[in-house]
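Trainee: For the sequence shown, the residue numbers in our numbering are 492 to 745.
Keep in mind that a hint or two might mislead.
As a list, the in silico DSSO-like pairs of lysine-lysine whose alpha-carbon atoms are at most 27 Å apart [unchecked claim]:
(1) K528 with K557
(2) K614 with K555
(3) K528 with K608
(4) K701 with K532
(5) K555 with K528
(6) K668 with K528
(7) K664 with K506
(8) K709 with K664
(9) K517 with K528
(10) K539 with K506
(11) K709 with K616
(12) K557 with K539
(13) K551 with K616
(14) K539 with K616
(15) K689 with K557
(16) K557 with K701
(17) K664 with K628
(18) K614 with K653
(19) K608 with K557
(20) K551 with K581
(21) K691 with K532
(22) K581 with K614
Think of the hints as simulated: they come from the structure by calculation, not from any bench. From a predicted model like this one, the values you see are computed outputs, not experimental measurements.
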Amino acid sequence: MLTSPNAKATVPNSKGQQTLLLPFGKNHYLVPAAAVKSYAKYSNDQVKTGEDLGALLATKAPEKWKPYCKPDYLTCIEGETGTCVYTTFKVPGHPDEVRFLRLISATVASKNFETVKQETLEKAKADGVELNERQQKRLDVLDWNKENNCPNRAQINPEIEKWEIATGDELAKSCFKAPETKKRAKPGSTQEEEAEAKRKQYICHEEFVKQPPGTTYKINEVGGLLHVLFYRTAATVVGGGGGAEEEEAEAEEP
């Protein structure tokens, strides 16, 4: 089937022909239909919330991404800047999420694609199923590797490709919510150690002075020094006279 040069890639089997969106930088780009080498058959439906999607997109851990690397869920796109593999997600209550192409990173692909392909072939053999042309084409997407398909950059650059930026009615909002960033404590640190570190940050000098029993005290600043006076309380005054007042008067004389 011939494809119009201006045709845009759409979500397979979508009602109303929803266009696919490629997030890149601050924009979302429409992908030319001619750039799609292989369409996914389905969108992943294991992710149930925007928070879960955000957590997945924030990690490149291969084991977290393996369930989403099956050939029926992968779309392969080719441009002048390289060839990359993407997947999409179907999240309950968010019908537009299936439009957003999510990159399968080189790290994830290198760890998962070969294993997933072998598992797919073994299952087909065990089930006595012979792959048809379309199934084989989707399976071949798992042969992708960075060295041969996108050696010079992390992914296709739609700006260099001069692909159209989505505007107006073509725009959509993803449901994904980025995880909250939390300050990580240093390895092995405890709350007490963190509190001590803060004290050291703000306190430049510390000194303890023993207070004699049965006394009160007063602190004066004299010539840049702290002068600490201890007064006997009424119960501890020996003999008559205003001892405390006399001591204070003497201390304040120049």
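Trainee: Look at each hint and say if it fits the structure.
Mentor: How the hints compare with the structure:
Of the pairs offered as hints, the one joining K528 and K557 holds, with about 22 Å between alpha carbons and a cut-off of 27 Å not exceeded. Annotation: proposed proximity of K614 to K555 holds, straight-line Cα distance about 22 Å (limit 27 Å). As the CA atoms of K528 and K608 are separated by approximately 18 Å, the hinted pair is consistent with the 27 Å bound. With a CA separation close to 80 Å, the supplied pair K701 and K532 exceeds the 27 Å bound.
About 26 Å separates the Cα atoms of K555 and K528, which keeps this hinted pair within 27 Å; it holds. Restraint check for K668 and K528: not satisfied, since their Cα atoms lie roughly 30 Å apart, outside the 27 Å limit. Between the alpha carbons of K664 and K506 the distance comes to roughly 18 Å, so the proposed pair stays at or under 27 Å and holds. A C-alpha spacing of about 66 Å is found between K709 and K664, which places the hinted pair above 27 Å, so the restraint is violated.
For the hint linking K517 to K528, the alpha-carbon distance of about 26 Å falls within 27 Å, and the restraint holds. Only pairs whose Cα atoms come within 27 Å are accepted, and K539 paired with K506 is accepted, the gap being roughly 22 Å. Distance hint between K709 and K616 is unfulfilled; the C-alpha atoms sit about 91 Å from each other, more than 27 Å. The hinted pair formed by K557 and K539 meets the criterion: a straight-line CA distance of about 17 Å does not exceed 27 Å.
The hinted pair formed by K551 and K616 fails the criterion: a straight-line CA distance of about 31 Å is larger than 27 Å. Under the criterion of a C-alpha separation no larger than 27 Å, the hint pairing K539 with K616 is inconsistent with the structure, at around 32 Å. Distance check on the hinted pair: K689 and K557 sit about 43 Å apart at the alpha-carbon level, beyond 27 Å; violated. Of the supplied pair hints, the one linking K557 and K701 is violated, its CA atoms being roughly 66 Å apart against a limit of 27 Å.
This hinted pair does not check out: K664 and K628 have alpha carbons roughly 31 Å apart, beyond 27 Å. A hinted pair counts as satisfied when its Cα atoms are at most 27 Å apart, and K614 with K653 does not qualify at roughly 41 Å. Proposed proximity of K608 and K557 is supported: the alpha carbons are some 11 Å apart, at most 27 Å. Taken as a hint, the K551 and K581 pair is honoured in the structure, with Cα atoms around 20 Å apart against an allowance of 27 Å.
Restraint check for K691 and K532: not satisfied, since their Cα atoms lie roughly 60 Å apart, outside the 27 Å limit. Between K581 and K614, the direct Cα distance comes to roughly 25 Å. Compliance with the 27 Å bound is thereby established for this hinted pair.
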